[in-house]
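K.L.:
Chain A is already provided as a structure; the job is to place chains B and C with the ligands on it using the hints.
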Amino acid sequence: MHPDQRPLTRDLRPDGEALSLPGYERAGGYQGIRQALRLAPQEIIQLVTRSGLRGRGGAGFPTGQKWSFVPLGPAAPRPKYLAANADEMEPGTFKDRLLLEATPHQLLEGMMIAARAIEAEIAYVFLRGEYVLAAQRIQRALAEAYAAGYLGGHSFGADFSLQIYLHTSAGRYMCGEETGLLNALEGKRANPRAKPPYPQTSGLFGKPTIVQNVETLCCLPHIVNHGAEWFRSLGLAADAGTKLYGASGKVKRPGLWELPMGTPLGVLLEEHAGGMRDGLKLRGLLPGGASTDFLTPRHLDVPMDFTNVEKAGSRLGTGTMIILDDRTCPVGMVWNLEDFFAQESCGWCTPCWSGLRWAERILAAFERGQGAESDLEKLDWIVKFCAPGNTFCALAPGAVEPLSSALRYFHDDFLAHIRERRCPYRGGSNGNAGGES
Amino acid sequence: MATIYVDDRPCRVDPQQNLLHVCLSLGFNLPYFCWHPALGSVGACRQCAVKLFRDAHDRRGKLVMACMTPVADGARISLADPDALAFRAGIIEGMMHNHPHDCPVCDEGGECHLQDMTVMTGHDYRRYSFPKRTFRNQYLGPLVNHEMNRCIQCYRCVRFYREYAGGRDFNVFGIRNLVYFGRYQDGVLENEFAGNLDEVCPTGVFTDATHKRHYTRKWDLQFAPSICIHCGVGCNLSPGERYGLLRRIVNRYHQDLNSYFLCDRGRYGYEFVNSESRLRQARLGIAAGKWQSLAAQPAAAWLGKLLAAGDVIGIGSPRASLEANYALRLAVGPRRFFAGVSDVELRLLRLAADLLRRQPAPTLREMESADAVLVLGEDVTNTAPRMALSLRQAVRQQPLAELEPLKIPVWLDHAAREAAQERRGPFYIATPAATRLDDIAAETWHAAPGELARLGFAVARVLDESAPAVADLPPPVQALAGRIAAALSSARRPLVVSGLACRSAALLEASANIALALRRSRQDHARLAIAVPEANSLGLALLDPRPLSEAAGAEALIVLENDLYRRASASWVDELLAGERRLIALDCLEHPTTRRASLVLPAAAWSEDEGTFVNYEGRAQRYFAACPPPGEIQSSWRWLRDAMREAGREAAAGWQSLDDLLAGLARDLPALAPVLNAAPPADFRMAGARIPRQPHRYSGRTAILANLDVSEPPPPPDPDSPLAYSMEGNPDQPPAALLPFAWAPGWNSYQAWNKFQEEIYGPLRGGNPGVLLLAPEPRPAGDFFRNVPPPLAGRDGEWLLLPLYHIFGSEMLSRYAPAIRQLSPAPYLALSAADAGSLGLHAGENVALWLDGRAITLSLKIRPDLPPGCAGVPAGLEALPALELPAWSRIERGHG
Amino acid sequence: MLSADERREIEAEIPRYPQRQAACIDALKIVQRRRGWISDESLRDIAELLGMTLDELDAVATFYNLIYRHPVGRHVILLCNSVSCWIVGYSRLREHLRRRLGIDFGETTPDRRFTLLPIVCLGACDHAPVLMIDQDLHRDLDPAGLERVLESYR
Ligand SMILES: Cc1cc2nc3c(=O)[nH]c(=O)nc-3n(C[C@H](O)[C@H](O)[C@H](O)COP(=O)(O)O)c2cc1C
Ligand code: SF4
Ligand code: FES
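Chains as they are written, first to last, in the numbering used here: chain A, 1 to 437; chain B, 438 to 1333; chain C, 1334 to 1487.
Same shape as in the complex, but just chain A (with noise of 0.2 Å):
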């Protein structure tokens, strides 16, 4: 593949180290910042607005289009904030650890120019706790690039001054939903906060404030170097740009790879996953990360982007696939995942702290062969009673997407369950009920 068309990852060192900052700047970098520091805030909205860029945080929101609430000019309020959100802890996802690691200058290039867009002065890298070393390569990047001048004043020659600053969080899911990890940055409780008023104009320390996934971040100096209309093209179907996909589970080859938007699913499994281990056959998968619905075999045509998942009946989310086999239990994994989630509400709104919760006792119920044909009812009622808009956030609502599609897709296995009054999966030579078993 042509280098361009791997933007994000071209230039990683083989050998897994950081690319330095005159590394960096070899391959090309900073000149996306020096290119937009010509533009004007309103210029570089437009073109990411018309380059097609979505958020790559899960919910693919337009870019640009979140830009343009952000009030601009001498009368809006001051400091104006931008959040990296590096928090990464949707179970499965592993993608931004990739672009951390490996590219940190060019997370700081995106932050740059996303500030240079709301005209943000202060800027922070809410990074996951337990991403060590990205945290020490990022404060390595930081160092440098504060010593080469790119940050804290009047920087490449233009009236251009941001700070950076790396927060490494002390971990919750909620700090990566971004009004929580607004509270967060506050040193508070990572509570979601009510929208609207959304933070481009009421966030950080009541300022107005953008937070942006990494990924999404890191798309930027592409866009200002080589133009909207190249990244528009880069895309296979619907969506622009390319994507880190990832798949994790019983596939051959689990890892993670640049490729065009849109590339369709069974590729990602045969081509770059290597499909799955010998003597496996794929149930089912989660296209991307753990709060996005079931999508099974017959979808293996779908392109990889926000728009044509959905149609499929889910979310493309972060686009790191969580392949679920023949051989492990449906049940016992959305026992799993429906744990994690009830762990990790934040307590706050009734129908996430109550109903995960229970979903999940019903869960293991179910793998302990105590599971009832009502249990049936309580969970798809605890689906509903989850729906977006019912809480105050989109975790509880993520939370049963898993749940709501194994129920339609693995109802056999959970019939199995109440009939056999055991896991069906446990026990047997190759089975595998997973981590309880």
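Heads up, a few of these hints could be off.
Claimed, not checked - Listed next, the in silico EDC-like pairs over lysine to aspartate or glutamate satisfying Cα-Cα at most 16 Å (straight line):
id, chain 1, residue 1, chain 2, residue 2
1, A, Lys188, B, Glu600
2, A, Lys252, C, Asp1473
3, A, Lys188, B, Glu859
4, A, Lys384, B, Asp520
5, B, Lys742, B, Glu1087
FYI, nobody ran anything at the bench for these hints, they're computed from the structure.
P.N.:
Chains B and C with the ligands in isolation, oriented as in the chain A frame:
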């Protein structure tokens, strides 16, 4: 107004509000938990879900949380939609996962919002079959009980305690379905408003620990509409009685005053009524410390004889009703009626009344909306506590106004707080020592009262050139005056708060000058609030008593509901009572004065009595008895009437009821005639019936006295009010002044107040109770006061001794309540660290305080906030002699 | 008592935010990095430094899973129990740890060498199952590999 369609019915509603607020205002039964009328919306519980439709053709609609959804003109919503109904029942089901099914043994049972909402949503079957989580409870002090297993995670407690009341020793811990609300560790809740958790919590996590010791279900209590007796703010509350015991106090909504919240002194001070120190029998002193009980009639006759003989003077009381004070005034004659407060205090009360005739005082609700505040001299939290809670809200006004362009409605509480962050409107506090509001102040300044007054005069001078100048003001103080003046003059609703705590006329005059200067510069919304010490301080002053110091010389002396040893120095009181003089004391509690009395007449405690208090605004408010006084005890005014009857005094002899007395008062003192309108008269009836004091589920009525008589006795008569000591009566909504308790079908908790308001958080139906007695006269706003005090001249070897107020301890009656007594400080003497150092003294050491040539030994406390040259003692503790403070005193190392 | 180093490091975080207390999570982490966990005493010291009450700081501390309010062993094992590791058999690692060290989630070995805690997805799913010990990520583990890894933490 906007029009919305609720289940296809067009309704006119406030367009600035959210859907929950307007639905409740319209009278719909829409359940909720996390929303609170005074705390706003945060969208946590998801209980208030309704269906919202795009237009008249949309049949699907989507669920929205009513509390989080702004009213939009033409919006169509459904409360009855099946999805909404199912979802709301589901929320209860979720909350019930962990909620113990302990209603029969729960103090909240029968007045539980969670119970009400459970019934309202129709959730009646438990599908959740797994174990419940359990928590360890905490000891939170003698006032509030903690039972965390009942928690439903609505976050109301922490929002009230931290965000509304400013408490910082309480929080939410943990995450998911294991969220814990409490303190970092066991210990007494520090906030003075902690007791409101009882009513803020929709279930039984926080309950009244004093009530627990003599617990009775809400439906078994006999309530009365009442007014708090523990300070001069005049909060409305409902005392509840059963079997002759006063068992608890709950808040009684008043839009202008307490709204939904009381202070802990008002809520928990009530137990003085049940005190062992209650006087229950008339008694005659026969020798020092020897008594002989007396039946009521001979007791009245004894007093009647003295009255007939003529040489009797009377001393009134700021904690007795207007009516009782008037009865005394009538009994002894206006020239022989003396104020039961110090001369200085009387002078200040008259000044306060004069100022109210210039300009009405702000209500508490108005104080909440002040956008710049100066507190001059008053430790409001400790002298007029509920006022402090309102002032705390004022600092939010300016930041909230700045949010207007962001279109964040004020009721969207967390969004508004997040947008405003730590920004606070201008709030200045100039007091002798630190106060509990200092945390919200932009600047504080601690100085002696005279210096504070000079600051106040200087502020007025900056605002208006024609105000008197302050000579020799140190430049930093002048600069501070400039900043305060700038903040006040650029505000839309500036507020000055002062009071009587410092016993300084100059302070009040300086405050008045500032208010006047603001008004003269066209700030029509500028307000002045003056905190007065006691429940009827102003009422006493309005009866125009003579100064206490002039009380002397008569044969006999009647002291009404007052301990003179709190009012004047012991030597002065001793002298007043010396010789053959007869002292007649009417009161409900034993105290040093009653111990010296020749005749003691047991007076009804306020919860057994009717009468009128006049609060800091000059608002006359009537309180009613929760139960008749037991045994021989009766209202002070009835004792005085009986005595006058014995003395053949026509005017009073015929008083059968409080209304008769009030009619006399209105004739006698026409200026006070509006007091008649404070509440409907005793012959007021609703559809021919009285208003029941007992909820209609009051149980055991036929059995309650079965040990005495198997036939049920008739309820006690009540000639003084239109209320009945009964569950029988008219079930309709009475006028607000006569509302004994809040209950409505389906609403057993205090949330039932929703049903009594014209609009949520608005006035009670039929208008807010009380009448302002001191309506401003149509005359010019008055002139500036010109008596600027000179700078404080320190004295060698002497300290200016200041009173330091304590919400628990400084007020007399509440100290007879065990829980409050437990929280009262021990006597102490406070010095700044530097001053203590100059004397070579250390904290905890005994020091001798010399006053009036006598030494008192006190334990030393270091208060870094005290200004140099000043010392402080806790005000009002019985262990300390009544001190006319501020005063100069010597301090030495003590002995032992 | 906070050490001079801790104090200095915390003070350095404060100017990055417009409010002092915003640095509280950083402060908790700074102290925990040196002491392993946040004792009541550390909590008090940090709260004092940042002008917070204990109640305020503990409300934050108890929300986040990487703040330990109980003592931990010399090395903390964070074993990923999220979905990808679960699928490929994280339970074998858990079982191994239970057998070898005698501890399950939330427990510390009697010699205080190891504390075992569950952790959500460590973002290394293509190398599942994984765990972290202290600052180090260990990938593609099986019981034998885990055994070797454990040896390097004394
Ligand atoms: C519970 C929850 C967790 C989330 N975690 C992350 C995360 O770790 N990283 C991320 O980029 N976005 C996460 N998101 C999405 C963010 O809320 C937000 O949409 C995103 O950061 C916006 O950036 P983007 O537009 O560039 O995708 C999460 C959302 C929810 C509801
Ligand atoms: S859905 Fe509700 S409880 Fe769950 S994380 Fe979001 S706000 Fe918190
Ligand atoms: S009352 Fe509306 S969400 Fe709680």
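K.L.:
State for each hint whether it applies.
P.N.:
Verification of the supplied hints:
no., hint, result
1, Lys188(A) <-> Glu600(B), "14 Å, holds"
2, Lys252(A) <-> Asp1473(C), "13 Å, holds"
3, Lys188(A) <-> Glu859(B), "13 Å, holds"
4, Lys384(A) <-> Asp520(B), "10 Å, holds"
5, Lys742(B) <-> Glu1087(B), "15 Å, holds"
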